[in-house]
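Number of protein chains: 2
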Amino acid sequence: MKILIIGAAGMVGQKFVARLCADAELGGQAIDALRLYDIVPPELPDARFPVETGAGDLSVPGEAERLVADRPDVIFHLAAVVSGEAETDFDKGYRINLEGTQRLFEAVRALQYMPRLVFSSSIAVFGAPFPEKIGDEFLSAPLSSYGTQKACCELLLADYSRKGFFDGLAIRLPTVVVRPGRPNKAASGFFSNILREPLAGKEAVLPVSRDVRHWLVSPRTAAGFLVHAATIDTQAVGPRRALTMPGVSVTVAEMIAALDRVAGENRSALIREAPDELVDRLVSGWPRDFNAERATKLGFVADGSIDEIIRIHIDEEMGGKLG
Amino acid sequence: MKILIIGAAGMVGQKFVARLCADAELGGQAIDALRLYDIVPPELPDARFPVETGAGDLSVPGEAERLVADRPDVIFHLAAVVSGEAETDFDKGYRINLEGTQRLFEAVRALQYMPRLVFSSSIAVFGAPFPEKIGDEFLSAPLSSYGTQKACCELLLADYSRKGFFDGLAIRLPTVVVRPGRPNKAASGFFSNILREPLAGKEAVLPVSRDVRHWLVSPRTAAGFLVHAATIDTQAVGPRRALTMPGVSVTVAEMIAALDRVAGENRSALIREAPDELVDRLVSGWPRDFNAERATKLGFVADGSIDEIIRIHIDEEMGGKLG
Numbered sequence: 001m002k003i004l005i006i007g008a009a010g011m012v013g014q015k016f017v018a019r020l021c022a023d024a025e026l027g028g029q030a031i032d033a034l035r036l037y038d039i040v041p042p043e044l045p046d047a048r049f050p051v052e053t054g055a056g057d058l059s060v061p062g063e064a065e066r067l068v069a070d071r072p073d074v075i076f077h078l079a080a081v082v083s084g085e086a087e088t089d090f091d092k093g094y095r096i097n098l099e100g101t102q103r104l105f106e107a108v109r110a111l112q113y114m115p116r117l118v119f120s121s122s123i124a125v126f127g128a129p130f131p132e133k134i135g136d137e138f139l140s141a142p143l144s145s146y147g148t149q150k151a152c153c154e155l156l157l158a159d160y161s162r163k164g165f166f167d168g169l170a171i172r173l174p175t176v177v178v179r180p181g182r183p184n185k186a187a188s189g190f191f192s193n194i195l196r197e198p199l200a201g202k203e204a205v206l207p208v209s210r211d212v213r214h215w216l217v218s219p220r221t222a223a224g225f226l227v228h229a230a231t232i233d234t235q236a237v238g239p240r241r242a243l244t245m246p247g248v249s250v251t252v253a254e255m256i257a258a259l260d261r262v263a264g265e266n267r268s269a270l271i272r273e274a275p276d277e278l279v280d281r282l283v284s285g286w287p288r289d290f291n292a293e294r295a296t297k298l299g300f301v302a303d304g305s306i307d308e309i310i311r312i313h314i315d316e317e318m319g320g321k322l323g
Numbered sequence: 001m002k003i004l005i006i007g008a009a010g011m012v013g014q015k016f017v018a019r020l021c022a023d024a025e026l027g028g029q030a031i032d033a034l035r036l037y038d039i040v041p042p043e044l045p046d047a048r049f050p051v052e053t054g055a056g057d058l059s060v061p062g063e064a065e066r067l068v069a070d071r072p073d074v075i076f077h078l079a080a081v082v083s084g085e086a087e088t089d090f091d092k093g094y095r096i097n098l099e100g101t102q103r104l105f106e107a108v109r110a111l112q113y114m115p116r117l118v119f120s121s122s123i124a125v126f127g128a129p130f131p132e133k134i135g136d137e138f139l140s141a142p143l144s145s146y147g148t149q150k151a152c153c154e155l156l157l158a159d160y161s162r163k164g165f166f167d168g169l170a171i172r173l174p175t176v177v178v179r180p181g182r183p184n185k186a187a188s189g190f191f192s193n194i195l196r197e198p199l200a201g202k203e204a205v206l207p208v209s210r211d212v213r214h215w216l217v218s219p220r221t222a223a224g225f226l227v228h229a230a231t232i233d234t235q236a237v238g239p240r241r242a243l244t245m246p247g248v249s250v251t252v253a254e255m256i257a258a259l260d261r262v263a264g265e266n267r268s269a270l271i272r273e274a275p276d277e278l279v280d281r282l283v284s285g286w287p288r289d290f291n292a293e294r295a296t297k298l299g300f301v302a303d304g305s306i307d308e309i310i311r312i313h314i315d316e317e318m319g320g321k322l323g
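If you read the sequences in order, they're chains A and B. Be aware that the first sequence starts at 1, since it is given in my numbering, and climbs by one per residue. Be aware that the second sequence starts at 1, since it is given in my numbering, and climbs by one per residue.
Since the hints were derived computationally from the structure, they do not count as laboratory data. Please note that the accuracy of each hint is not assured.
Take a look, some chain A residues computed to stay more than 10 angstroms from chain B by CB distance [unchecked claim]:
no. : residue
1   : R213
2   : A274
3   : D289
List time: in silico BS3-like cross-link candidates among lysine-lysine, alpha-carbon distance up to 27 angstroms [as the list claims (entries may be wrong)]:
no. : chain 1 : residue 1 : chain 2 : residue 2
4   : B       : K2        : B       : K163
5   : A       : K297      : B       : K133
6   : B       : K133      : B       : K297
7   : A       : K321      : A       : K202
8   : A       : K163      : A       : K297
9   : A       : K92       : B       : K92
10  : A       : K297      : A       : K133
11  : B       : K163      : A       : K92
12  : A       : K133      : B       : K321
13  : A       : K133      : B       : K297
14  : A       : K2        : A       : K163
15  : B       : K321      : B       : K202
16  : B       : K163      : B       : K297
17  : A       : K163      : B       : K92
Between beta-carbon pairs, the in silico distance windows are [said to hold, decoys possible]:
no. : chain 1 : residue 1 : chain 2 : residue 2 : range
18  : A       : D280      : B       : A128      : 32 to 42 angstroms
19  : B       : D280      : A       : G135      : 23 to 33 angstroms
20  : A       : A55       : B       : E52       : 46 to 56 angstroms
21  : A       : T234      : B       : P131      : 52 to 62 angstroms
22  : A       : D280      : B       : P131      : 29 to 39 angstroms
23  : A       : K133      : B       : A128      : 21 to 31 angstroms
24  : A       : Q29       : B       : D280      : 19 to 29 angstroms
25  : A       : T234      : B       : L278      : 18 to 28 angstroms
The beta carbon of each residue, even a glycine, is placed where N, CA and C say it ideally should be.
Kindly produce the complete structure, drawing on both the sequences and the hints.
In structure tokens:
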């Protein structure tokens, strides 16, 4: 089995590559070749099968055709200009997130074969106002260019799948927590910062109120969603090919309580409240909770709790030891 | 006030042009110039203001820029490859219905002004299964390439409007009945045929069962929706810029009963039942009824009844006299 991962250098991409290299198979089929692609060169992982890495811009004419020329059996498209950048650089966001995806879809269609194509979408396709729990039949009414681009790609993926050009699945990932690495300036970054930094013995800033509720998944479980999306029977999915992934819905207060439960009571003392009106306004427009019924029926399983999400971070990123 | 109508040669386009020429104003402002554009040359109407007509393909590079160069105050974009053709000619459908619209949006954005832009969308953005009455928060899950293209354009229009590139409104028209002219092969054509032909004393074919329910609007009311969409306060609309228009939900049996009420009992005897499995299967995937609450609150008003829709046809297309 040949696999192509576009966006392999990103956080979820890296987790997913590590998982594939450990498994050496996907859906019971041995991996024969893995191609990793991103705007920056992905790291070459340890693997028992050939891995090729490459860097480039998917939106450049000819690039998508080149990437799929050897007809990978499964294509993962995880690459995107992130939400903040898509908002400030309108042209770049549309070029990479919409046109790049369209070019990929067209390149696959031109080859007239039927690979599985897994696309990472986002809960940013939803915009306020929404019900406390968003169901599978709720409209996509994004309030960002990023969400608009993802929603358009979902529609295109469903149409190309319906026409039999490929066998696509779009999975809407919850916000991935705990992101490893350093604090970043993404508006959603604090959801990771307030856990990762105190776990490492460092101070973190909380820019929103403690009753903010959000929808989370661990990097490990997000990678597992990609595996599952690549291997399930899409007959059972039907023509609606965009699935909201299950997640853990928690308030910031619950996250902080879990931090103290898992790591000891002194940890949350490292969180400094510094309300930021802009972040607060942004976050208030984000989904809080979902009824991810379709995905759950199709066998996608969320993390068990926010405690488990924290333990996964300690296990995978800190060698099991607190800082 | 300068007005541009793209797709002016179509059935709704022609009705709308006639309305504008009769009114000579839009939203209380006198019309100074009207430009009509379509893939075929629109007819030059009688008007008390200058009218320019032109033909071309909106998806050809440079065409959209040329059309909006004189900064029309209101732009109506009604042009589309129809549902059936978009399904059989995938490339043409995407080129005209999606890429052409994107080119128009980009051309307007480049001029950095804020025209009102009214886009005619369709209830084809909805795909089965759906509730008996589809509400304003129901997802767009089209089951055709045409519906996919319309849904993508709706998302783009909302994003361009949110960013302040233009002031857009997408209106999802019900199926327009009674279409004047000759019977056509569109799958939805029978909804018009079974009224128009008997009214003219001719036989019509009914390919589906009499309990099929659908969502209808008269050409006159559809043209009125365009006027209203061009003149309402979009502050009251908010960021969700796609509106399901109100319509009349009736079964075929109710349409036939209305035909006899309006035109006399012998008329429905001209309807010959000839079940067509393909049409029946297609139509079973179409929406039947809506709760068009948002549009209704914003002042869009449907036809009063199917009887009224029939009388509008007799009035406007038959000079008030039955055939």
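Results of checking the hints against the structure:
| no. | hint | verdict |
| --- | --- | --- |
| 1 | R213 | holds, 20 angstroms |
| 2 | A274 | holds, 29 angstroms |
| 3 | D289 | holds, 16 angstroms |
| 4 | K2/B - K163/B | holds, 23 angstroms |
| 5 | K297/A - K133/B | holds, 26 angstroms |
| 6 | K133/B - K297/B | holds, 17 angstroms |
| 7 | K321/A - K202/A | holds, 15 angstroms |
| 8 | K163/A - K297/A | holds, 25 angstroms |
| 9 | K92/A - K92/B | holds, 26 angstroms |
| 10 | K297/A - K133/A | holds, 17 angstroms |
| 11 | K163/B - K92/A | holds, 15 angstroms |
| 12 | K133/A - K321/B | violated, 56 angstroms |
| 13 | K133/A - K297/B | holds, 26 angstroms |
| 14 | K2/A - K163/A | holds, 23 angstroms |
| 15 | K321/B - K202/B | holds, 15 angstroms |
| 16 | K163/B - K297/B | holds, 25 angstroms |
| 17 | K163/A - K92/B | holds, 15 angstroms |
| 18 | D280/A - A128/B: 32 to 42 angstroms | holds, 40 angstroms |
| 19 | D280/B - G135/A: 23 to 33 angstroms | holds, 30 angstroms |
| 20 | A55/A - E52/B: 46 to 56 angstroms | holds, 50 angstroms |
| 21 | T234/A - P131/B: 52 to 62 angstroms | violated, 25 angstroms |
| 22 | D280/A - P131/B: 29 to 39 angstroms | holds, 35 angstroms |
| 23 | K133/A - A128/B: 21 to 31 angstroms | holds, 24 angstroms |
| 24 | Q29/A - D280/B: 19 to 29 angstroms | violated, 41 angstroms |
| 25 | T234/A - L278/B: 18 to 28 angstroms | holds, 25 angstroms |
Violation of the numbered hints given earlier is confined to hints 12, 21, 24; the remaining hints are satisfied by the structure.
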